[in-house]
Amino acid sequence: MALDQLRGQLIVVEGADGSGRSTQIDLLRNWLERRGYPTVNVGLRRSMLVSRELEQAMRGNILGTRTLSLFYATDFADQLENLMIPALRSGFVVLADRYIYTLMARAIVRGVEPAWIRDVYSIALMPDAVFYLAVSPKILVERNLRKHAVLDYWESGMDVRRSSNMYASFIEYQRQIQKEFQAMQQHYGFETINGNRSPRAVQKELRANIEVILNGKSGLIEERSNVSNSTQRIARPTRTLADRGKGYQPRVSGQPPARYRATHRFSE
Amino acid sequence: MTNTPDESTIAGKLVAVEGLDGSGKSTQVYLIKRWLELDGYKVFFTEWNSSATVRKATRKGKKRQLLTPTTFSLIHSTDFADRYERQILPLLNAGYIVLADRYIFTAFARDAVRGCDRGWIRKLYSFARKPDLTFYFDVPLKTALARILDGRTRVKYHEAGMDMGYSKDPYQSFRIFQGKICSEYRRMVHEYDFTKIDATEAPDVQQAKVREILETKIDLPRYRWQGPVYPQQNQ
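Quick mapping for you: the protein sequence lines, in order, are chains F and B.
Everything in the first sequence is counted per numbering that gives the first Met the number 0, starting at 0 for the first residue and increasing by one.
Everything in the second sequence is counted per numbering that gives the first Met the number 0, starting at 0 for the first residue and increasing by one.
Hints are computed from structural coordinates only; laboratory data are not their basis.
Even glycine gets a Cβ: it sits at the ideal position worked out from N, Cα and C.
Check each hint, because a few of them may be wrong.
So, partial list: chain F residues that the calculated Cβ filter (under 7 Å) puts toward chain B [what the hints assert, rightly or not]:
{"#": "1", "residue": "S50"}
{"#": "2", "residue": "E54"}
{"#": "3", "residue": "T66"}
{"#": "4", "residue": "D77"}
{"#": "5", "residue": "L82"}
Sample of chain B residues at the chain F side, in silico, Cβ under 10 Å [unchecked claim]:
{"#": "6", "residue": "S50"}
{"#": "7", "residue": "A56"}
{"#": "8", "residue": "G118"}
Pair by pair, the computed Cβ-Cβ distance ranges are [as the list claims (entries may be wrong)]:
{"#": "9", "chain 1": "B", "residue 1": "E190", "chain 2": "F", "residue 2": "I138", "range": "51 to 59 Å"}
{"#": "10", "chain 1": "F", "residue 1": "R44", "chain 2": "B", "residue 2": "R58", "range": "53 to 61 Å"}
{"#": "11", "chain 1": "F", "residue 1": "G110", "chain 2": "B", "residue 2": "T194", "range": "32 to 40 Å"}
{"#": "12", "chain 1": "B", "residue 1": "A10", "chain 2": "F", "residue 2": "S162", "range": "45 to 53 Å"}
Looking at chain F on its own, in the form it has when it is part of the complex (with noise of 0.2 Å):
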């Protein structure tokens, strides 16, 4: 059964940990269903295939970098074919919390090679928005301490620092990170959102940013005028995928034609 267009809209909220994320994509959930627009959640560490082997792999922090790498991108490869693309074939919109962005910039910090791990996920889907909250790294430090009284080891970039400092790992991990998304904002063309205000601040910049995506959408766009030059926002891609019916069906998958990838500048 061939695939029509995917109606619905793919959202990403990237930004690290104590960016504000979780808190602003709730509030978008919310003012989305208010509004009478479907929501799907989707984010790391969330399969139903790897989520809690994964989860317990990294408690153990016996995994080397390329294995986290690849069990990562297990995770995320089952919630794009089994949650991302199902809901956008049925004009839902798919809030991700965190994407391939992250992913990334995680496993480069930590030496994997950008060539290789752009390649990997050049699987994904183009979203229709990517919004970093960029959040100054000791303001950062001071939401994490509140919310837990401890720096997460894997925030901290502890596997690859080696710091008896935890504090200082943060800031320099952090820093590094940011960085990186500093060099892919220039290929992927990320809304960066302050994300040191308020809450109520930063939600006022998404709603607004996404009304034009939502009011703008419908079918088959070539280009939006209101994002930068340097990206092409394409509509949806067709691909085949057969339907779980009766029986036995084939579950066909293969990668989305190259310029709906959303690593496609990159993979040769």
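Mind docking chain B on chain F? Use the hints.
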């Protein structure tokens, strides 16, 4: 993390063994392992799908049929990466002969048959060194099928490619699926310079050939344990 181009020199040697289920390759690789161990060589054996960390997820995914071609591919690549980073590569660096029962070529074959882009799969596994020697145990499809179906009353779901919908009959599905894998392998013989072994010959005949080739291609004395011969390693 170092970029690991295949060409960089490393102390150990990587020997991979490929072939269809029922080709007899596992028997052969076991014999190689025993020979090298008993003669006092530093050898490590690894097999497909054996990472303790990932295995649970793979098993769950298969059991509950949660896997798509992409996630099937990625979950196996995660398993492989774990074994590669923590065992295969360090042991190669330490000057071992690493014997792999199935290697990246298994993924190339299986994932391609399931519909994954061939280019993407190869890029996915590009971090892995190419083996110094790859034995491909070549057997007519009929023979492989007979051996598998003789030994067991049931064929496993994914082994039969039941997720591909070729047939509702597992045995028919198995035939078709393994046939396609066979074609993929045949294409790779040249691409990756496999050493083909006629797997229809008697096992001891095959093993003699395998040992002869190994001795030619690898300077075995280098890989002896220094000092007294060690008993069989723990793995």
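Each hint, compared with the structure:
| no. | hint | verdict |
| --- | --- | --- |
| 1 | S50 | violated, 9 Å |
| 2 | E54 | violated, 11 Å |
| 3 | T66 | holds, 4 Å |
| 4 | D77 | holds, 5 Å |
| 5 | L82 | violated, 12 Å |
| 6 | S50 | holds, 8 Å |
| 7 | A56 | holds, 4 Å |
| 8 | G118 | holds, 8 Å |
| 9 | B:E190 to F:I138: 51 to 59 Å | holds, 53 Å |
| 10 | F:R44 to B:R58: 53 to 61 Å | violated, 19 Å |
| 11 | F:G110 to B:T194: 32 to 40 Å | holds, 34 Å |
| 12 | B:A10 to F:S162: 45 to 53 Å | violated, 32 Å |
Comparing the model with each earlier hint shows violations of hints 1, 2, 5, 10, 12; every other hint is respected.
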